[in-house]
Structures are given as structure tokens and as C-alpha cells.
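Engineer: Chain residues, written in single-letter form:
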Amino acid sequence: GAVVSQHPSRVICKSGTSVKIECRSLDFQATTMFWYRQFPKQSLMLMATSNEGSKATYEQGVEKDKFLINHASLTLSTLTVTSAHPEDSSFYICSAWGAAPYGYTFGSGTRLTVV
Amino acid sequence: DAKTTQPPSMDCAEGRAANLPCNHSTISGNEYVYWYRQIHSQGPQYIIHGLKNNETNEMASLIITEDRKSSTLILPHATLRDTAVYYCIVRVANSNSGYALNFGKGTSLLVTP
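Chains as they are written, first to last, in my numbering: chain A, 1 to 115; chain B, 116 to 228.
No lab work stands behind these hints: they were computed from the structure.
Some hints could be false.
[Said to hold, decoys possible] Cut-off 27 Å, straight-line C-alpha distance, at most; resulting in silico cross-link-like pairs (DSSO-like, lysine-lysine):
(1) B:184 x B:220
(2) A:14 x A:41
(3) A:20 x A:41
(4) A:55 x A:20
(5) B:167 x B:220
(6) A:41 x B:118
(7) A:41 x B:167
(8) A:66 x A:41
(9) A:64 x B:220
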């Protein structure tokens, strides 16, 4: 079946530094990728939608200058959390659209802890 | 997207069938019902989806009422590994590009020994 590889699975960084999270579709081309954030005991919240070769569309309340998304190819999207702060600590999950038969495939998530 | 309503939590004994209900009374004719689950600290896993006919795969069965206003996900023989949060999502299926799946609060299923 379709596989989306997301890494790192876990990262700890110091406040003020930047962290990059990668999301790769391994056996299909993902025309659209989505980035979600999940706080403890809450549901997934959509952060942004990105289409290959174009700028990402961010959900209301998500700072585009803080959460940089690059979707340079049909198999790779990256999320960079810039100048991370402790409140950015969360579980980040990517999803790729494009694999039959149901379209949506999710990565395994990245646990970000900012200290 | 049509809104869905699910019970916040359910228990099920191991080996028994788990029946998870979902209400989607405002569903439109071109919207599918998707079910995903999320095991703790993992990404969501696809289970099944359907439009109006009942569906079955190796993981589960999906029963959609005739008026399509509600559905039930059935795990026929629940195991401890089925403990997870189950999300019922209604979405238009678009073959040209993807629109994000919007997750509600889901049902937290606890399978007990």
C-alpha cells in the first residue's frame, strides 16, 4: 500500500532554533500535501495545504512566516518551524494526497519538544 | 463538509464486535464517509470509506443507513491493538486534487481483556 515517510519521529530543540520536518511519499506522487498539528488529548488541526510548485495555503491563525512549508517535488514536502518556542511543542503530522484507492495517506508523525 | 457526531468514548471486550456509530445528518449526495483511527502517538490509519452501499474489507465493515444520515463502523472481533481514537469524516471525493480531511473529536475506543 501507499506509504508516507515522515522524519524525524522525535526531536528536541532549544528555544529560538529552527527545526525541519520532512514528509516523503515513497511509492506515489503526491500532488497535494497537508500538515496538521495535534496537542495532547486534542484532535488533529489542519495547519496548511501545499501543492507541488506553488505556495502553501495556511489556515486562519497559523503564522506562515513561522511555519515554512516547501513542496518542491511531487514526493517531498518540508515543514520548518522557525524560532521555535515551548508553545510550539506538539505532534506534527503530514498527509499526502494522490495514492489510490482512497487518496489520503498519513505520516507517522513528529513529536517536537522545545526546551 | 457535513458535520459528524460521535460518542466521545466506548468500551469493548476483547473478541467481541465493536460497533462505533456516527451521525452525519447533513451529508450531501456527493459526500463519502471515511473512517480513520489513530493509535496513541501515531499518524491516522485509513480503515474504510463508502458512499451509500455497505462496505467490508479486511479491517472492518461500514454500514450506512439508507437515508445516509448515519453510519456504523464494525470491528468484528476487537483486539487490544484496536484501542485507538476512531474518526468518522465526511468528505467530497475529488479525483483531481486533495482537500484536507477535517478531524472532529472522534470516539476513543478502549478494548479490555
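Engineer: Next, verify each hint and record whether it holds.
Structural biologist: Okay, the hints, checked on the actual structure:
1. B:184 x B:220: holds, 19 Å
2. A:14 x A:41: holds, 24 Å
3. A:20 x A:41: holds, 24 Å
4. A:55 x A:20: holds, 17 Å
5. B:167 x B:220: holds, 23 Å
6. A:41 x B:118: OK: residue 41 of chain A and residue 118 of chain B at ~20 Å, within 27 Å.
7. A:41 x B:167: With a Cα-Cα distance of about 32 Å, the restraint between residue 41 of chain A and residue 167 of chain B is violated, given a limit of 27 Å.
8. A:66 x A:41: With a Cα-Cα distance of about 24 Å, the restraint between residue 66 of chain A and residue 41 of chain A holds, given a limit of 27 Å.
9. A:64 x B:220: holds, 26 Å
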